[in-house]
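Trainee: Residue numbers (this note's numbering), protein chains in the order written: chain A, 1 to 361; chain B, 362 to 998.
Since the hints were derived computationally from the structure, they do not count as laboratory data. Some hints could be false.
Unchecked claim - Partial list, computed: chain B residues near chain A (C-beta under 8 Å):
#: 1; residue: 374
#: 2; residue: 390
#: 3; residue: 405
#: 4; residue: 408
#: 5; residue: 585
#: 6; residue: 716
These numbers come from a predicted model, not from an experiment. Quick reminder that beta carbons are idealized off the backbone N, C-alpha and C, glycines included.
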Amino acid sequence: MLERRLYFHIDWLLIAAVFALCAIGLATIYSATGGPTNVYWTQIYAIGLGLGAMLACMAIDYRSLGDKSHLIYLAVILTLVGVLFFGAVRGGSRRWIDLGSFNIQPSEFAKATVALVLAKMLGESRRRALTNNDLLFAGILTAVPLLLIARQPDLGTAVTLIPILLTITYVAGMPVRYLGILALVAALAAPVAYQFGLQDYQRERISTFLDPEQDPRGAGYQQIQARITVGSGGVWGKGFMEGTQGQLRFLPVAHNDFIFSVLAEEQGFAGVVVALGLYLFVILRSIEAARLAKDRLGAYLVLGVLASFTFQVVYNITMSAGLVPVKGLTLPLMSYGGSSMIATLAGFGLILNVRMRRFTN
Amino acid sequence: MAIAEDRRRLATRLWWLRVSVMLVFGLLAGVFWFLQVGQHAKFQEMAENNHQRTLALRAPRGVIYDRTGQVLVENRSAFNISIVREHTRDLDRTVRLLARITGIDEARVRDTVDRHKREPSYRPIVIVHDATLDQVAAVTARRLDFELPDVVVQEVPTRQYPSEGLAAHLIGYVGEASDQQVVDDSLPPGTIVGQSGVERVYNRTLMGEDGARRVVVNSVGREIRELEEVPPSEGHRIQLSINYAMQRAAEDAFRAYGYWGAAVVLDPRSGDVLTLTSLPAYDPNDFSTGIDRATWASLNTDKLRPLQNRAIQGRYSPGSTFKIVVAAAALEEGVVTPDHKIYCPGGANFYGRYFKCHLAGGHGYVDMRHALEKSCNVFFYTLGNMLGVDRLYEYSQKLGLAGKSGVDLPSEIESIVPSTEWKRQRTGEKWYAGETISVAIGQGQLSVTPMSLAVMMATIANGGTRVVPRLVTAIDDGSGTGWQPVPPPANPFRPLLMKPETVSALHDGLWMAVNAAGTAGRARIAGRDVSGKTGTAQVISNQGKARAGATEKDLRDHGWFVFFAPRDNPELAGVVFAEHSEHGYLAAPIARHIMETYFAQKDGLPLPGPPQPPPAAPVPAPVAPSRVAANTAAFDR
Numbered sequence: 001m002l003e004r005r006l007y008f009h010i011d012w013l014l015i016a017a018v019f020a021l022c023a024i025g026l027a028t029i030y031s032a033t034g035g036p037t038n039v040y041w042t043q044i045y046a047i048g049l050g051l052g053a054m055l056a057c058m059a060i061d062y063r064s065l066g067d068k069s070h071l072i073y074l075a076v077i078l079t080l081v082g083v084l085f086f087g088a089v090r091g092g093s094r095r096w097i098d099l100g101s102f103n104i105q106p107s108e109f110a111k112a113t114v115a116l117v118l119a120k121m122l123g124e125s126r127r128r129a130l131t132n133n134d135l136l137f138a139g140i141l142t143a144v145p146l147l148l149i150a151r152q153p154d155l156g157t158a159v160t161l162i163p164i165l166l167t168i169t170y171v172a173g174m175p176v177r178y179l180g181i182l183a184l185v186a187a188l189a190a191p192v193a194y195q196f197g198l199q200d201y202q203r204e205r206i207s208t209f210l211d212p213e214q215d216p217r218g219a220g221y222q223q224i225q226a227r228i229t230v231g232s233g234g235v236w237g238k239g240f241m242e243g244t245q246g247q248l249r250f251l252p253v254a255h256n257d258f259i260f261s262v263l264a265e266e267q268g269f270a271g272v273v274v275a276l277g278l279y280l281f282v283i284l285r286s287i288e289a290a291r292l293a294k295d296r297l298g299a300y301l302v303l304g305v306l307a308s309f310t311f312q313v314v315y316n317i318t319m320s321a322g323l324v325p326v327k328g329l330t331l332p333l334m335s336y337g338g339s340s341m342i343a344t345l346a347g348f349g350l351i352l353n354v355r356m357r358r359f360t361n
Numbered sequence: 362m363a364i365a366e367d368r369r370r371l372a373t374r375l376w377w378l379r380v381s382v383m384l385v386f387g388l389l390a391g392v393f394w395f396l397q398v399g400q401h402a403k404f405q406e407m408a409e410n411n412h413q414r415t416l417a418l419r420a421p422r423g424v425i426y427d428r429t430g431q432v433l434v435e436n437r438s439a440f441n442i443s444i445v446r447e448h449t450r451d452l453d454r455t456v457r458l459l460a461r462i463t464g465i466d467e468a469r470v471r472d473t474v475d476r477h478k479r480e481p482s483y484r485p486i487v488i489v490h491d492a493t494l495d496q497v498a499a500v501t502a503r504r505l506d507f508e509l510p511d512v513v514v515q516e517v518p519t520r521q522y523p524s525e526g527l528a529a530h531l532i533g534y535v536g537e538a539s540d541q542q543v544v545d546d547s548l549p550p551g552t553i554v555g556q557s558g559v560e561r562v563y564n565r566t567l568m569g570e571d572g573a574r575r576v577v578v579n580s581v582g583r584e585i586r587e588l589e590e591v592p593p594s595e596g597h598r599i600q601l602s603i604n605y606a607m608q609r610a611a612e613d614a615f616r617a618y619g620y621w622g623a624a625v626v627l628d629p630r631s632g633d634v635l636t637l638t639s640l641p642a643y644d645p646n647d648f649s650t651g652i653d654r655a656t657w658a659s660l661n662t663d664k665l666r667p668l669q670n671r672a673i674q675g676r677y678s679p680g681s682t683f684k685i686v687v688a689a690a691a692l693e694e695g696v697v698t699p700d701h702k703i704y705c706p707g708g709a710n711f712y713g714r715y716f717k718c719h720l721a722g723g724h725g726y727v728d729m730r731h732a733l734e735k736s737c738n739v740f741f742y743t744l745g746n747m748l749g750v751d752r753l754y755e756y757s758q759k760l761g762l763a764g765k766s767g768v769d770l771p772s773e774i775e776s777i778v779p780s781t782e783w784k785r786q787r788t789g790e791k792w793y794a795g796e797t798i799s800v801a802i803g804q805g806q807l808s809v810t811p812m813s814l815a816v817m818m819a820t821i822a823n824g825g826t827r828v829v830p831r832l833v834t835a836i837d838d839g840s841g842t843g844w845q846p847v848p849p850p851a852n853p854f855r856p857l858l859m860k861p862e863t864v865s866a867l868h869d870g871l872w873m874a875v876n877a878a879g880t881a882g883r884a885r886i887a888g889r890d891v892s893g894k895t896g897t898a899q900v901i902s903n904q905g906k907a908r909a910g911a912t913e914k915d916l917r918d919h920g921w922f923v924f925f926a927p928r929d930n931p932e933l934a935g936v937v938f939a940e941h942s943e944h945g946y947l948a949a950p951i952a953r954h955i956m957e958t959y960f961a962q963k964d965g966l967p968l969p970g971p972p973q974p975p976p977a978a979p980v981p982a983p984v985a986p987s988r989v990a991a992n993t994a995a996f997d998r
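Sequences are here, hints too, so could you generate the full structure?
Mentor: This is the structure we're talking about:
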């Protein structure tokens, strides 16, 4: 299926940037966990599997994937429902499917699926303009997996579906005033949601975010430690495996949620600039892929995948600096996490797929 | 057309997306610049505080030796279990868990924590002093499981005092500085300082300087590696004037004869305190690891008052021992010559009242020497009457019986010898000459400490130089110069320099009391020319005794024996006070055992074993309270 002609249109620069980020992440995990531990090796396998997933997603024409998007969507929804009933419980939430030697987190794969189904639906619409019904339907398609994931509960991952919806509807021509109305509604609904929609621990996270010193040993601890970790790195950092905050475990889950803090501590502002630059390059390059896409399906698919990626990157990096409430959102490409790595690389497979097929019929 | 428009709109919106992304990333870079470059110094310091700990290394206190080089007090290693609240996430849980695994009452742990609540949180709060190995093992195991990251086990040097409370009052004990001491001496809270005895007076010398260790710890407080160590410097070593063998002999003898009481033996030439004991004693080891409330309470409420240092804090009527002062005053003032004889018919009238002598038939004609030997009351009534109370007071002071001795121990109380001035100030009444008669034989308003009687005997023994007793003779500050002698304390007293005939009369009379037909034959040591005088201190008047009847309080009289030896060029002078022994002659054998020990040691002979108690004790031995070292246990140093 991968014709020789397509081979020349593969975006090697994007691939290089993506794997450079994987490599930086891997090195930081090595440092944060103190050597070639299980975590480190698992991450290497995940990158390998992710590469496979990426190739698989490149190989199949995204248009035939679009044709089967409803089936893929249904399959993911069913899996999510299954997780709610039969999933493995860890840390109080039911997110994983236990496959013996490893676990899969289906919610990670829901993102690309939602992007695909929305791109298909809005990209191949015959109508000239986007109707309110289209928007409603797109909203429902997003809301179903979102609610299922939120039920696990995994609010962090659930929320990443919203940027997909917003970005695709935005480029699909949703009037800008809708975005304004949405922002207004969100601002008004926030206090109500805070009061009635959130769990106690979530409320606590938000209130300690606003004043971390009120509980420096408890919920505010991670935030304060994150800032110390980043700030103590300085311009050039403390050096590879020389960080005190990550190495001595003042920062919790350093190899996971706070991988970027460890990078900032050990490699300093210089390392931060390099990593930020790579992420920015990857994002802009992908937007370019959307611009070049042959059809709307391709462009929307690219942007949908990119939206959740970008949201997660920005949120996680901001959290690494202790500037937003701590939420279990990993940093795509760098954080430890098999499902996330595989799903993200698969997503980039789709983006590459769209770009390299821009000349095919 | 539609497609082109579509394309254009897509391109515009993509442009907006691109711009927003670039803005967001620019903002992020700015944030990191601000944190990592702008505020780097602040966070750098916070990170260091996070992972670096400074742990105090307690300095061992100086070792205390006796004058012969025997170690009296040394240090041993003990383990303290403390909470460092800095690492505490849930203090309640820590307290509960710690109480459970160490087997200590939870309320007590909470109490200790509350008491130190206001100290900085990095300072460890010691919960268990001198923990048992079981407790240490239990805590260490929990720490390894990260269960108690805020609990530390520290090895600390702890005072090791001689067993059985030997010389307890003199050495004293250590304890945590009180709030007042923390303020007065600007010490960190929790510092161990001397709270009594030599430990307190020489606290600064003995204390040493704590060291510190800077270490890297991880987030659960476990030590990863050491950054630097400033070793503690040990306190200065101190040599006491105390002679261990004599001190031991004194305490053995008290126990063998079944009395509580006090003994002080001085070197009359220098004022060195060779022996200073007070019984019953307490065990200072109970204090060095933080005394528990029950022990403290029982020590405080004990009727026998084991915390009181009877030698300098107990005040008793001197009885007949005061006759030595009367004799010295009369001879020095020229009221009588040594050979002047006075007739004793068994009693005499003074100011319309009849005063009895203790020998019903009377002593007949007695001179100074025989009056001292026989302790004739009539002789001393007469001298006292001739001298008047103010001259008795003056000589008491010159000989060292009135006021404080000035020994380097805390909380010494004054010995009281009355004078007209004293009475006027105290009661506003004038002194009646008749009162002097009682004072002349050591009754009445007299009230003296054993220490002051010992000083008086030293003055008599050395011919008139009042010495200031002192306990510390040399200090080794560890600088390599070895033992540096401590200069004797400045002597504020003018020497009395008694006439030779006064001295020889007093020495003869006191020698005869022991070696001729006197009351103190039990102190006799062949060839040592022990000189001395017994005395009986009334606890309550005879009429009062009859009134009190069968109350539980022990109202039996106390026995005194004051002594020096040898008669010519004395090397020892001292006092034995035997509580409720009823007769002074029963205190004499205790003094004899101390002196025998001294002479045996001096001549390089084997020391005499503990004295055998008399077959039928004249007085039932007081019952030892549980806190007081029992008199059966062997000394096991």
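Trainee: Decide, hint by hint, whether the structure agrees.
Mentor: Evaluation of the provided hints:
no.: 1; hint: 374; result: holds (5 Å)
no.: 2; hint: 390; result: holds (6 Å)
no.: 3; hint: 405; result: holds (5 Å)
no.: 4; hint: 408; result: holds (4 Å)
no.: 5; hint: 585; result: holds (7 Å)
no.: 6; hint: 716; result: violated (82 Å)
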